[in-house]
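Chains as they are written, first to last, in the working numbering: chain A, 1 to 310; chain B, 311 to 735.
For the record, the hints were derived by calculation from the structure and aren't laboratory data. Think of the CB as a built atom: it goes at the ideal place given N, C-alpha and C, for glycine as much as any other residue. Check each hint, because a few of them may be wrong.
To be verified - So these bits of chain B aren't anywhere near chain A, every CB distance computed over 12 Å:
hint	residue
1	LYS375
2	PRO401
3	ARG449
4	GLU483
5	ALA487
6	GLY503
7	GLY564
8	PHE599
9	GLY602
Said to hold, decoys possible - Listed below are the simulated DSSO-like cross-link pairs for lysine-lysine, each with C-alpha atoms no more than 27 Å apart in a straight line:
hint	chain 1	residue 1	chain 2	residue 2
10	B	LYS560	B	LYS387
11	B	LYS560	B	LYS472
12	B	LYS701	B	LYS630
13	B	LYS721	B	LYS467
14	B	LYS701	A	LYS242
15	A	LYS242	B	LYS560
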Amino acid sequence: MTLTREAPPVVTKPPGPPKRRPRDGWANAIMVAPATVLYVVMLIVPVALALYLSLTDWDGFSANPAFVGAANYVDLLDDPELRRAALVTLLVAVAGTAGLNLLGLGFAVLVNGASRANTFFRIVLFYPHVLSALVVGFLWSAILGTNGAVNNLVTRWGGEVLPFLSDPTWATITMIAVLVWAGFGVNVVLYLAGLQAVPHSLVEAARIDGATRWQVFRNVTLPALGPSVTVNIVLSLVTLLKTYDLVVSLTAGGPAGQTQTVAYLILWNSFHDARLGFGSAQSVLLMLVTGALAFVVTKLRRRGELAVHQ
Amino acid sequence: MRSPRPSLVPAALGCLLLLTGCGGGGFSDSEGSQAGQSEGGQVTVRMLVNITPNLTQAYWDGLVKPFEQANPGIDVKVEAPTGKGVADTLPQQLAAGNAPDVVETLMADETLAKQMLDLSDQPWAKDTPLAQEAALGGRIYTVGVGVQAQSLVFYNKSAFDKAGIDKPPATFEELEAAMGKLKAAGWLPLQTGGDFLTGLQLLQLTNPSRAQQYPTWHQDIKAGKLKAGESMLPYLERYQTWIDKGYVDKNALGLKYADAETAFLSGKSAMYVMGSWFTAAESKAEKDFEIGVFPAPVAKGQQYPGPQGATMAAPYMILKSTPNKDAAVKLVQWLVTDPEAVKSQLKQDGNFRTGVEREFTPLERQVQEILDAAPSGVPQGEGYGDATLPKGFGAAWNTEIQGLYVGKSPKEVAEGVDRWVDGRS
């Protein structure tokens with residue numbers, strides 16, 4: 001009898017990560033360097049400078065700003081102007097985000113098909129976003145101001161002047177409306193991109209199952225748009241929290257300072273009142289709040305998207 | 311595998327330190343201005359100026375041309391603000407280590423003076439308009455071309471005639487009586503607006519009266535001897551009644567400065583409180599009625615005309631950091647003393663200077679007469695020199711005054727002003 005022994009299987013070592021040669025490290029570093037330098041110069045340096053300045057009493061002119069520790073941050077807590085501006089900013093951000101997204105999604109659905117008319121309307125809808133916010137502000141103040149086009153018509157027809165920009169409540173609503181008018185074109189574009197990525201087979205299947213248009217939109221399109229909604233909400237929120245230029249050109253923060261936003265106040269305190277240290281502390285606070293809000297909204301949206309998928 | 315990230319941290323910190331060091335012109339005393347001597351011994355003097363509808367870039371370039379021709383070694387580079395105005399742009403340039411040599415528009419206060427050249431040793435400086443009044447601790451940092459009269463009430467002569475007002479009011483009581491008649495005749499008696507106009511006009515209107523009651527108002531507030539809001543309460547109460555009676559438009563805050571000016575020039579209102587620069591706009595406006603001007607009224611029993619609100623027109627300062635001190639001093643001296651340069655600047659922006667005769671419009675002639683008749687000048691707004699209130703007072707005052715239009719009581723407004731001053735003192 002011949003015993004045959006099976007040859008032991010050849011165990012080959014799984015291929016490990018290729019050995020890094022020193023030359024690779026240098027190549028990587030060189031390739032990453034331009035982006036890193038840009039990131040550091042454009043983001044890290046300004047933020048670090050703002051942080052440093054927020055701990056000083058710099059007035060923008062003096063050669064040697066004094067280190068004041070957390071004094072500027074303590075002053076922030078006791079600043080009635082900041083409290084008022086924070087409320088206005090929050091209102092603008094929340095109402096504006098709702099407006100931008102509702103209009104953005106609504107119009108995106110309307111101009112979603114491929115036709116010449118839709119292409120034309122997409123351009124028209126995006127056009128206000130191309131205009132500078134300063135131009136938009138002056139334009140709307142010429143339309144809605146006390147002696148503006150609308151009020152000229154109203155008074156000519158025997159009506160009373162409408163206080164679009166002279167009453168605090170009206171002025172705040174006007175500002176939000178103009179912000180939405182000027183910005184929703186971007187949301188339309190983003191939602192259009194999302195709509196065009198919705199799998200056609202899902203929509204088709206739902207229709208074959210007898211779903212109405214609304215049911216298709218509610219149960220197929222909208223859930224599939226989850227990531228687009230998240231991006232739109234976060235972008236709108238972050239942009240609106242920094243509203244500045246439209247305030248300058250439309251209301252100049254008035255009437256009676258009632259439409260001043262935090263960003264407007266930061267610029268005003270920093271340059272007009274020569275309190276750059278204090279203004280920097282306000283900027284740091286705004287940056288933290290914006291970051292926190294964006295983080296919370298993203299988390300909540302992701303949770304919602306996951307729930308839909310499950 | 312070792313993450314490559316940690317190795318980036320020292321690099322980032324290095325860049326940060328390097329950039330902070332390089333970009334922090336505002337933090338160092340180095341003579342870091344970019345202006346300097348170019349090849350061939352040519353000196354470039356950079357001058358940061360205010361650009362307005364009257365004072366355009368083209369105007370400034372043309373203004374300094376004769377100086378450049380007379381001084382072939384000096385090239386003047388006129389720079390417009392890169393920010394909202396000169397006040398925003400200068401700190402940015404200082405921080406970037408890129409400060410100009412000369413700055414127009416701003417006036418020295420305790421903050422700015424540290425960066426500016428002391429011109430007290432220049433024999434020509436002390437004779438320029440308001441130079442002594444604007445001095446800080448006896449040192450002259452700011453010199454100007456002329457004077458802007460501030461407490462003027464421009465009026466529509468046709469409206470006054472139709473309302474049966476035969477002479478301009480001299481007291482607040484007469485002003486109120488005139489406003490009543492104008493209102494009854496269907497006119498909006500007093501033109502005001504939003505922006506910075508609301509607060510500015512009330513200060514302009516009350517300067518002559520307030521200066522007689524509190525001759526050192528700015529200094530007393532600065533020293534904590536007087537409350538700004540409290541001292542202005544009677545005027546705020548009076549103004550509230552004007553809003554209630556419709557003497558000013560209750561929706562005026564929806565008007566920008568330019569809209570308010572246009573409304574008055576197009577005959578929609580009867581009176582407009584403004585500084586002397588309004589004469590430049592008036593001379594260009596097409597209208598079918600005549601405009602007159604009278605000094606702001608005073609309280610009963612006070613001297614009329616009272617002290618006239620006055621500010622320096624076209625103020626210039628030289629930055630201490632300039633590497634071209636001699637050329638910069640020469641330029642500024644020329645700008646504020648050369649007869650042709652002075653006349654040109656006065657005419658361009660509707661300003662005045664005692665002893666300088668230029669071509670006047672009828673309205674400008676009246677303003678010159680008002681200036682000549684005024685017993686003295688009184689600082690306007692935040693003030694100047696040793697009589698300077700905390701930076702931002704004008705804007706804070708304006709915001710509070712607008713509160714009268716949105717439901718705040720005069721007392722609340724006065725308290726708001728005082729709270730602001732206390733917070734900045």
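Here is how each hint holds up against the structure:
no.: 1; hint: LYS375; verdict: holds (31 Å)
no.: 2; hint: PRO401; verdict: violated (3 Å)
no.: 3; hint: ARG449; verdict: holds (17 Å)
no.: 4; hint: GLU483; verdict: holds (28 Å)
no.: 5; hint: ALA487; verdict: holds (27 Å)
no.: 6; hint: GLY503; verdict: violated (8 Å)
no.: 7; hint: GLY564; verdict: violated (4 Å)
no.: 8; hint: PHE599; verdict: holds (18 Å)
no.: 9; hint: GLY602; verdict: holds (24 Å)
no.: 10; hint: LYS560/B to LYS387/B; verdict: violated (46 Å)
no.: 11; hint: LYS560/B to LYS472/B; verdict: holds (24 Å)
no.: 12; hint: LYS701/B to LYS630/B; verdict: holds (21 Å)
no.: 13; hint: LYS721/B to LYS467/B; verdict: violated (35 Å)
no.: 14; hint: LYS701/B to LYS242/A; verdict: holds (25 Å)
no.: 15; hint: LYS242/A to LYS560/B; verdict: violated (31 Å)
Checked against the numbered hints given earlier, this structure breaks hints 2, 6, 7, 10, 13, 15; the rest are met.
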